[in-house]
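*Asks:* The task is simple: from the sequences and hints, build the whole structure.
Number of protein chains: 2
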Amino acid sequence: MNHVVKAYECNWKGELSLSHVVGIMMLASRKQERGLAHPDLIYQKGLSWIVIQNQLTVNRLPKLEEEIIVETEPIGYNKFFTFRRYTILSQEEEVLVDALTTFSMINIKERKLISLDEEVLSEYPIENKKDNRRNPRVPKIDLDNASVQTYRVRLNDIDYNHHVNNAKYFDWVMDSLGMDFIKTHSLKSVLVKYDKEILPEATVKSFYEIRETGNGVQTLHQLESDDQKCCHLSLEWEVK
Amino acid sequence: MNHVVKAYECNWKGELSLSHVVGIMMLASRKQERGLAHPDLIYQKGLSWIVIQNQLTVNRLPKLEEEIIVETEPIGYNKFFTFRRYTILSQEEEVLVDALTTFSMINIKERKLISLDEEVLSEYPIENKKDNRRNPRVPKIDLDNASVQTYRVRLNDIDYNHHVNNAKYFDWVMDSLGMDFIKTHSLKSVLVKYDKEILPEATVKSFYEIRETGNGVQTLHQLESDDQKCCHLSLEWEVK
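So the protein lines, in turn, are chains G and R. Quick note: the first sequence uses our numbering, first residue 1, plus one each step. Quick note: the second sequence uses our numbering, first residue 1, plus one each step.
There may be inaccurate statements among the hints.
Because identical chains share one entry, a pair is satisfied inside a single copy or across any pair of copies.
Straight-line Cα separation of at most 25 Å, DSS-like style, residue types lysine-lysine; simulated pairs [to be verified]:
#1 K129 <-> K79
#2 K31 <-> K63
#3 K31 <-> K6
#4 K6 <-> K63
#5 K193 <-> K205
#6 K196 <-> K140
#7 K13 <-> K196
#8 K183 <-> K109
#9 K45 <-> K196
#10 K13 <-> K109
#11 K31 <-> K13
#12 K109 <-> K193
#13 K205 <-> K140
#14 K112 <-> K205
#15 K45 <-> K13
#16 K13 <-> K112
#17 K13 <-> K183
#18 K188 <-> K63
Since the hints were made in silico from the structure, they are not lab data.
*Replies:* Written as structure tokens, this is what we have:
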């Protein structure tokens, strides 16, 4: 899939924002899914894919008006998870962003995780790709030493599934860190684990901790709604 | 310009959000401007276009994954203003949204309105289109009877010009009205007057008043930052 980076997809530095990096990745796999023999089978069965975990490596964020190429392929599965790779390339085929996303399946009505439905799975071109990798653990934030910023969910944070689109979490994370931090640091990688959805009209606490490491800075984040953990993340940064 | 409506451009009802309607209109005119003989002349002179007022008529908001056609043309100018028409059409050439936008020019350094620069203006294909129309007045909100919702500007509200992108104002307006209101009303028209830019880290008060009218509902809005009026709007709605 080719895509031209639009003004409203960029942060104030004129780079594709992280929430849109993830949004565009999802577009690419949806587009691919629509080419399946029975793309709606999963919904007809009352099921849905959800993102459980995401690992991104950032070489450079795409720029305003840059034409990018977004590639994706399912790379494996086991009883509970499927793994999908996404690559965002420049026109010169330089890898800008590389991601490995873990999906699970839920029963939409009960909003509960289930083991993968074999019939749905068989629609995808990933036969014989049993994959027993373990999802990496997201480093734990030290809540006692963390700062916190509170967000009221806005109506435009809500998507067609009537919950906060989890790409929006990155907007809160970046906002928590603040303009000065974002100005002076370049994002190198992201590891995010989604624990629980966030519903309309919720108030979200965004905890964050900034740690100096040997070769840069690591920021750890936890989002909570109603005192329940919804998501935790770690980001690696290079000092500019 | 053709455009396919993407998931992250939609509200939770699966319609193109008003902030993205306006964002896509701006893309269409930027695209046209890049075709001018000297598209950067205005910036080389330290000047910039800004939107002063916008009038939108909504027949139907574009839907998720709908392919739309966005047309725009400058239609006239006078000493201080240029007027530009935008039309968003369906593939069947049904007019979905029609807009008339008033632009002025500012000196970027002083951030002050100036009379239109003749040299810049002569780049545009609008010779001999003197237009003495007056901008319609936006009906005044009754602040004594208004409700208010407070917003802290988030980092992702800020654009490349280092102020809140004024398309984002619509997200605050919709959020103020709330999910129940948006569920039960269809947007018919918007009239918005921009008074003053909103800067990073500001706190914004969004005042709103809901008035029943003979054939529907009118909502009036005023955004204030540091007790200064930044924008005021009126929206017309049909009860569903």
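*Asks:* Taking the hints in turn, state whether each one holds.
*Replies:* Hints versus structure:
1. K129 <-> K79: within (12 Å within a copy, 68 Å between copies)
2. K31 <-> K63: Answer is both; intra-copy 23 Å and inter-copy 16 Å each pass.
3. K31 <-> K6: Classified as both: same-chain Cα gap 19 Å, cross-chain 11 Å, threshold 25 Å.
4. K6 <-> K63: The answer is both: 9 Å in one copy and 19 Å across copies each meet 25 Å.
5. K193 <-> K205: within (16 Å within a copy, 34 Å between copies)
6. K196 <-> K140: within (17 Å within a copy, 43 Å between copies)
7. K13 <-> K196: For K13 and K196, the Cα distance is within 25 Å only across copies (22 Å; inside one copy 31 Å).
8. K183 <-> K109: between (43 Å within a copy, 21 Å between copies)
9. K45 <-> K196: So K45 and K196 pass the 25 Å test inside one copy only (22 Å; across, 52 Å).
10. K13 <-> K109: between (41 Å within a copy, 19 Å between copies)
11. K31 <-> K13: between (29 Å within a copy, 20 Å between copies)
12. K109 <-> K193: Within one copy, since 23 Å is at most 25 Å while 44 Å is not.
13. K205 <-> K140: Classified as within: same-chain Cα gap 16 Å, cross-chain 37 Å, threshold 25 Å.
14. K112 <-> K205: within (24 Å within a copy, 39 Å between copies)
15. K45 <-> K13: between (43 Å within a copy, 22 Å between copies)
16. K13 <-> K112: between (39 Å within a copy, 23 Å between copies)
17. K13 <-> K183: within (8 Å within a copy, 35 Å between copies)
18. K188 <-> K63: Classified as within: same-chain Cα gap 16 Å, cross-chain 35 Å, threshold 25 Å.
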